[in-house]
Amino acid sequence: MKRIFILIILISLLFFSLFPYGVLFIASCSSIPVDKGLHSISISELTIINFQHVFTNEFNILLCNTLRVSLTTTFIIIIFSILLSYSITRFNFKYKVYIEYILISCYLIPPILLIIPYSRLLLAFNLLNSLTGLVLTNTAFCFPVCAWFMIRYFESISTDLDKSGALDGASTFKILWNILIPQAKTGIIAISVLSFILSWNDISFSFFFSDNIEFKTFADGLEQFRISDPTYTNMPSFAASSFIVVTIAILLFGLLEYSIDKKFNKI
Amino acid sequence: MKKNPILELENIHVEYFDESDKRYFTILDKFNLSVNSGEFVAIIGDSGAGKTTLLDFIAGFIKTTNESKNNFIYKIILKLEMSYKATGTVKISGDDVSSVEPMDRNVGLVMQNFSLYDHYNVKDNLAFPLKMKGINKKEILRDVNSVAEKLGILRLLNNKISEISGGERQRVAIGKLLLKKPKIALFDEAFSNLDFKLRQVLRKNVIENYLSNENALDTGERAVLYVTHDLMDFFIADKIVIFKKNKVTRKSDYEILYSDKDKKAWQKLEHSGLYKIQLNEFEQLFNNYKP
Numbered sequence: 018m019k020r021i022f023i024l025i026i027l028i029s030l031l032f033f034s035l036f037p038y039g040v041l042f043i044a045s046c047s048s049i050p051v052d053k054g055l056h057s058i059s060i061s062e063l064t065i066i067n068f069q070h071v072f073t074n075e076f077n078i079l080l081c082n083t084l085r086v087s088l089t090t091t092f093i094i095i096i097f098s099i100l101l102s103y104s105i106t107r108f109n110f111k112y113k114v115y116i117e118y119i120l121i122s123c124y125l126i127p128p129i130l131l132i133i134p135y136s137r138l139l140l141a142f143n144l145l146n147s148l149t150g151l152v153l154t155n156t157a158f159c160f161p162v163c164a165w166f167m168i169r170y171f172e173s174i175s176t177d178l179d180k181s182g183a184l185d186g187a188s189t190f191k192i193l194w195n196i197l198i199p200q201a202k203t204g205i206i207a208i209s210v211l212s213f214i215l216s217w218n219d220i221s222f223s224f225f226f227s228d229n230i231e232f233k234t235f236a237d238g239l240e241q242f243r244i245s246d247p248t249y250t251n252m253p254s255f256a257a258s259s260f261i262v263v264t265i266a267i268l269l270f271g272l273l274e275y276s277i278d279k280k281f282n283k284i
Numbered sequence: 321m322k323k324n325p326i327l328e329l330e331n332i333h334v335e336y337f338d339e340s341d342k343r344y345f346t347i348l349d350k351f352n353l354s355v356n357s358g359e360f361v362a363i364i365g366d367s368g369a370g371k372t373t374l375l376d377f378i379a380g381f382i383k384t385t386n387e388s389k390n391n392f393i394y395k396i397i398l399k400l401e402m403s404y405k406a407t408g409t410v411k412i413s414g415d416d417v418s419s420v421e422p423m424d425r426n427v428g429l430v431m432q433n434f435s436l437y438d439h440y441n442v443k444d445n446l447a448f449p450l451k452m453k454g455i456n457k458k459e460i461l462r463d464v465n466s467v468a469e470k471l472g473i474l475r476l477l478n479n480k481i482s483e484i485s486g487g488e489r490q491r492v493a494i495g496k497l498l499l500k501k502p503k504i505a506l507f508d509e510a511f512s513n514l515d516f517k518l519r520q521v522l523r524k525n526v527i528e529n530y531l532s533n534e535n536a537l538d539t540g541e542r543a544v545l546y547v548t549h550d551l552m553d554f555f556i557a558d559k560i561v562i563f564k565k566n567k568v569t570r571k572s573d574y575e576i577l578y579s580d581k582d583k584k585a586w587q588k589l590e591h592s593g594l595y596k597i598q599l600n601e602f603e604q605l606f607n608n609y610k611p
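Protein sequences, first through last, are from chains A and B. Positions in the first sequence are counted from 1; adding 17 to them yields this note's numbering. Positions in the second sequence are counted from 1; adding 320 to them yields this note's numbering.
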């Protein structure tokens with residue numbers, strides 16, 4: 018009875034989570050504008066033609082930009098979070114507790130408040146309208162919370178392992194690479210997913226710091242398409258492109274998790 | 321014939337910084353110990369009396385903070401890293417290793433629990449110290465198999481650490497030690513959470529395969545320092561170091577007993593107050609003890 022109850026709850030949660038994704042899929046397969054309501058779509062009218070229309074030059078640029086910005090941001094954040102967590106948890110120095118306070122208080126600042134200082138900085142370094150600018154702003158925004166999570170993970174790893182590694186003849190870098198990072202791989206997967214989602218879904222930095230489609234990311238680009246189509250005639254194509262982007266994001270999560278998990282299970 | 325000491329500790333002095341009291345407290349003061357090759361030294365004492373600190377000092381995790389070093393960067397690091405102050409000399413086979421990194425000290429350490437790497441299997445755990453030495457794969461495989469066979473863990477080589485029992489984990493830890501062949505082996509309450517019978521077997525493994533020159537993998541000099549609360553360890557120990565912590569000053573006094581299996585050492589153990597056991601009970605235990 019208990020199992021059936023748990024199963025019902027799980028199925029309901031699954032349905033609740035997948036419902037928007039399902040609607041997006043149906044909408045992307047419809048041959049009529051979606052604003053007429055989903056009930057107006059019949060199975061015989063479903064088509065995959067919208068997916069063929071999606072791969073325009075602009076869509077490809079947006080997708081490529083988003084991938085480049087998100088993956089680079091994730092990579093930088095993983096590297097710096099690991100290095101910061103290692104130094105905070107493995108070395109004793111004055112005022113280290115304040116670094117953690119600074120990190121968490123940085124994340125409490127709403128991103129919209131950072132737009133003006135960021136834009137001044139990007140302007141000063143001639144990085145407006147560039148993917149590098151987007152990577153830097155996304156990194157600056159995601160890094161504090163990811164580093165804070167990572168510090169918690171490193172704290173949970175016993176320092177006995179460091180001692181054991183040192184006496185086994187491993188250098189500081191080898192202890193970090195061969196022992197601590199594999200132990201913290203769950204944390205690394207968590208921060209990589211978090212930083213990837215935050216930078217993949219970013220709309221504000223792209224909107225404010227890029228006015229050229231060549232340097233925009235997907236979320237902002239789609240918003241521009243939607244604004245430019247007030248009659249919703251291209252809505253199925255819009256839904257199809259969203260569906261593709263969500264699917265790519267899900268596949269990338271899986272790949273990221275699988276590769277981190279595989280990487281650190283062998284000497 | 322006088323034996324050459326393999327390990328010499330001279331005037332070891334360690335102070336820890338207490339964050340709440342904002343001052344340093346002495347843990348070890350003027351500690352001296354000399355250990356000869358082939359000796360088994362048991363270390364006992366109150367909790368927080370400095371047993372693990374001593375092992376950390378020998379292994380090189382606590383380094384001497386000699387303030388007379390006229391190095392600007394060193395002074396800044398010392399100012400920032402306030403956790404401890406330490407002075408003294410550690411000599412291994414006559415060489416002063418006080419400022420040598422742990423990886424170059426020729427010391428092995430077996431801890432109570434987590435000195436194994438959960439993400440590797442048993443074979444990779446055993447091979448790790450050899451791999452760090454840069455030994456080729458063929459030799460590593462041969463040595464790992466030979467030690468695993470000696471310790472009866474050959475069938476577990478492909479198992480993950482999480483899939484094997486506590487006793488088997490300790491065997492893997494001993495295996496690592498045998499493969500690394502360090503001059504000094506440190507055991508920090510290594511077998512304390514295992515049952516009596518298993519402790520006997522593992523202790524025998526250490527003595528037969530590591531300490532005794534006849535059966536060990538090679539015939540190099542070596543010694544064991546063993547932090548323990550098990551009385552049985554005292555019956556096989558050549559020296560017993562007793563730490564007694566002063567609860568007011570937090571400083572530890574120590575006494576070294578040269579246990580030649582006589583009543584004098586047990587008498588001192590009885591008076592140390594660390595064990596609620598009488599002299600006649602010590603005797604009885606010793607008479608019933610079969611290694």
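One thing to keep in mind: the hints can contain errors.
DSS-like, lysine-lysine: derived pairs with alpha carbons at most 25 Å apart [stated by the list, open to error]: (1) A:Lys113 / B:Lys458; (2) B:Lys342 / A:Lys191; (3) B:Lys458 / A:Lys111; (4) B:Lys458 / A:Lys191; (5) B:Lys451 / A:Lys113.
Covered by chain B, per the in silico footprint, the following chain A stretches (three or more residues, Cβ under 8 Å) [claimed, not checked]: (6) 149-156; (7) 170-180; (8) 233-241.
No wet-lab data here; the hints were simulated from the structure. Don't be surprised by glycine CBs; every beta carbon is placed ideally from N, CA and C.
Here is how each hint holds up against the structure:
1. A hinted pair counts as satisfied when its Cα atoms are at most 25 Å apart, and lysine 113 of chain A with lysine 458 of chain B does not qualify at roughly 46 Å.
2. Distance restraint check for lysine 342 of chain B and lysine 191 of chain A: the Cα-Cα separation of roughly 35 Å exceeds the 25 Å cut-off, and the hinted pair is therefore not satisfied.
3. For the proposed pair lysine 458 of chain B and lysine 111 of chain A, the alpha carbon gap of about 47 Å is over 25 Å, so the pair is violated.
4. A distance of roughly 22 Å separates the Cα atoms of lysine 458 of chain B and lysine 191 of chain A; the hinted pair therefore holds under the 25 Å criterion.
5. Simply put, lysine 451 of chain B and lysine 113 of chain A have alpha-carbon atoms about 35 Å apart, too far for the 25 Å limit, and the pair is violated.
6. Coverage of the region 149-156 of chain A by chain B is violated [criterion: at least 3 residues with CB-CB distance below 8 Å; count 0].
7. Evaluation of the coverage hint for the region 170-180 of chain A: fulfilled, as 4 residues show C-beta separations to chain B shorter than 8 Å, against a requirement of three.
8. Given as covered by chain B, the region 233-241 of chain A fails the check, having 0 residues with a CB less than 8 Å from a CB of that chain where 3 are the minimum.
Of the hints listed earlier, those the structure fails to meet are numbers 1, 2, 3, 5, 6 and 8, in rising order.
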